[in-house]
Amino acid sequence: MVLQSLKLPELIQEIRGAKTQAQEREVIQKECAHIRAAFREGDAPQRHRQLAKLLYVHMLGYPAHFGQMECLKLIASPRFTDKRVGYLGAMLLLDERQDAHLLITNSIKNDLSQGIQPVQGLALCTLSTMGSAEMCRDLASEVERLLLRPSPYIRKKAVLAAVHMIRKVPELSDIFLPPCTQLLHERHHGILLGTITLITELCEQSPAALTHFRQVVPQLVQILRTLVMSGYSAEHSVSGISDPFLQVQVLRLLRILGRNHEESSEAMNDMLAQVATNTDTSRNAGNAVLYETVLTIVDIRSASGLRVLAVNILGRFLLNSDKNIRYVALTSLLRLVQSDHSAVQRHRPTVVECLREPDASLSRRALELSLALVNSSNIRSMTQELQGFLISCPVDLRADCASGILLAAERFAPTKRWHIDTIMQVLTTAGAHVRDDAVANLTQLIGGAEELHAYSVRQLYSALAADISQQPLVQVAAWCIGEYGDLLLSGSCEETEPLQVQEEEVLTLLENVLQSHLSLPATRGFALTALMKLSTRFQGDNNRIRQIVSIYGSCLDIELQQRAVEYNALFRKYDHMRSAVLEKMPLVEHGESQDDEPREGKEEPWNPNKEVQSHPEPPASNLLDLLDLLDSANGDAPPSPALDLTPGDSLLHLLDFPSTAPTLAPIPGLKVFDREGLQMNLSFVRPPETPSLLLITATATNTSKSDVTHFVCQAAVPKSFQLQLQIPSGNTVPAQGGPPITQVLRVFNPSKAPLRMRLRLTYNHFGQSVQETFEVKDFPLETWQ
Amino acid sequence: MIKAILIFNNHGKPRLSKFYQPYSEDTQQQIIRETFHLVSKRDENVCNFLEGGLLIGGSDNKLIYRHYATLYFVFCVDSSESELGILDLIQVFVETLDKCFENVCELDLIFHVDKVHNILAEMVMGGMVLETNMNEIVTQIDAQNKLEKSELDIFFFFFFFIYLYIQAGLAGAPARAVSAVKNMNLPEIPRNINIGDISIKVPNLPSFK
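Chain order of the listed sequences is H and X. Residues in the first sequence are numbered consecutively from 1, following the working numbering. Residues in the second sequence are numbered consecutively from 1, following the working numbering.
So here's chain H without its partners, still in its complex pose (with noise of 0.2 Å):
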């Protein structure tokens, strides 16, 4: 049997010999059918010498699991030799997802009761290696018995045996907890790093045993005592420190059992305050010391002057030059940083200086560290760092810099165009990573600055025309250059340099996205409709735009072919309405973070009046002029835009938001405007369900002898109010008290401020045509409170 196959070192031989895998896969098969053929002559003395190249040959990943069966011989057989291999065997073939494994626990009970003590060992390694929760179920009761034998090196063994056990089934800490006290006064360090062991295991399991536990700390600090002033001992000292391993054990329980309570953290304040004093930190056991200890002082309720040390230990550890004492001071600061920011705050240079480590894992803990760390006041630099951070950083982490970056500029931004800046930069430098919202949110950041409109169009437009390729970006800027390309064309804008534009141009570029092939469908619906909007925002001739839009008709893109249908429709039929289709977007309701709630803790208040009266005169624009017009008259902040629709436009019914039926307690209604014969009232509702809502009609009545034709009636309202005009019953009021206009207009009122209202009327009466234009100011107080 021998001379047929070969002893393990010689296969070893064979295969390191082998020159390729395929050779290597050829040894190893020939060997196993070997292996299998002397398992199945079932030749005792050989087994464990064939099970051992088993396992050297599982190792390097090829299957060993027909030798199973043979662990379980090998664990029965009385010699020691084979209950080695076998066991070994059992801990690396067997698992508890094989149904085989439980065959094991027989002869693991016969081991524990009546083998010698090398043979109890190795039961017991076995079974806390791999034994499953009905394995130890059984065997529970013999594994409490070996805790009360005399030898030390069966009693450690069996200690951490019960861990596992408990581990796995919660209830059999009832067996274990009684044990432990008395286990606590051993001298034998090996079963007391088990029972330390044991005792956090049990307190983290169950707040019964939490408190049970507490009356040991006076013994665990005895025990930390003896340790830290026994001074040298040869036999358990690494580089200087008694036991570190044994001191790391008990601070971390202590930090369990000191945990919120007062008592037990008194009990340990002096120990902590020594040890962290005393130890030799010059190697690395003495730092796992400390540190362990500093996190202790962190987490039990310490004296404030301990507190201070701890936490000027960890900046010591910060400028430590060993990386792996910073890399464990980042991660414990992380901890800090909820609880103690100030402190915190303090080393903060430190922090950023570590973003800058060629060192991947200190640069992930220093971007956590650095991201919980930036405040309003340090905003501007942390950003800039960050941003640094951002171009050079692995790539795993750019997605996680960047929504960090983007959070922290949501929260603390001082300004708009800041905001709007930082946004933009994060886009240019890592767009690919960002989350999905970032382009929602910068749209609607863009779309609520609205005297940024400018600054924000030129900036984008800049960026487009440098890179294609960065898809957020992209889809922001071609949306925005749909939406203000008239501020674009326009010349100078005072935030940036002047920059000429042309609408070719433009054209060009949104043409050059629409068929790059880097664009995602998303982008191109984006640069698609931009064009569409710039038809009515540039003056010259939209046959370009048409073109391009009549041969995405064709597409085989779904969306974008109904977009390009749409939009040719619009183009050929209902050109009449393109203007007020493609109308500037009112703002977007946003949850809480409204336009209209001025920024008022902010640094630097934008100034609205001066960034509006830059804008140049619009063509053909009836919302624009009303803007204009009220600006020029008070003064006053310039209100939202209102929905301003011609009559007649079946189409847009379908932006109409339902009216709700008018309901409640009647206020008086208001006479607004008589002019020969001409009369306007408007009277007033409050739907219950909505109080921020105030629902005006607006009756336009004629007395006079002759008809009132192409009345159209304007409203405009402070900027605290929103304001949606509904469609009016008709344009014209026949003389002599014929059926009235009536018109709805919808105003939301979230402030409470009191209502003003400008209007303004066009008409044609008697021959003329007539242009009135006046202020609503005494509104009855119903309306608005």
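No lab work stands behind these hints: they were computed from the structure. Remember, it's a predicted structure, so these values are computed and weren't measured experimentally. Treat the hints loosely; a few may be bogus.
[Stated by the list, open to error] Computed cross-link-like contacts, DSS-like style, restricted to lysine-lysine with a CA-CA straight-line distance of at most 27 Å: (1) 115(X) x 73(H); (2) 109(H) x 168(H); (3) 13(X) x 7(H); (4) 115(X) x 30(H); (5) 115(X) x 18(X); (6) 149(X) x 18(X); (7) 13(X) x 73(H).
Place chain X on chain H using the hints.
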């Protein structure tokens, strides 16, 4: 707790792999490969801690490794272990190996994997640190090895004794046979044995260590 202990060389060949949580064989090999991939990319003067990979990782686990000459010793632990403490543990482990094998090198690990497993079992059990006192560990290992040897001796003594008698001038007798003979405490080995017509000379066997 310690989730896994891996030793592999600079090319990624596993020299020891011990998992303290149940993983399938495929997953185990994948973990070894992935760990090697992560660890081999590291520079020389960076810290010894790595956030775990996708398989054995997750937010809680870390890889703590040390590079000794041609071998990487990697411990995968969760957050309940002290990182600096594990570094010390790796050091103690290597020193113990050194003591047991006398100037341990990679070849020792290659040819005596089972012995390394036994030593490791005396230090770490079920994912928890059992014993860190080098002397105790070495004493235990020696006792167990002696036990094993004595069993083997008794078993093979008979066969090898016969084997010796029927071989002529065997200078390369197996070491086990030699120590078996040595330990036997024979009163005297006759130099000339007559079995029928064959006359055999038992050579003076040198002692192997």
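Verification of the supplied hints:
1. 115(X) x 73(H): holds, 21 Å
2. 109(H) x 168(H): Distance ~18 Å between residue 109(H) and residue 168(H) Cα, so the pair holds.
3. 13(X) x 7(H): holds, 21 Å
4. 115(X) x 30(H): holds, 25 Å
5. 115(X) x 18(X): This hinted pair holds, its Cα atoms lying about 13 Å apart.
6. 149(X) x 18(X): Cα-Cα ~26 Å, so holds.
7. 13(X) x 73(H): Given pair residue 13(X), residue 73(H) is violated - Cα atoms ~31 Å apart, limit 27 Å.
Consistency with the previously given hints fails for number 7 only.
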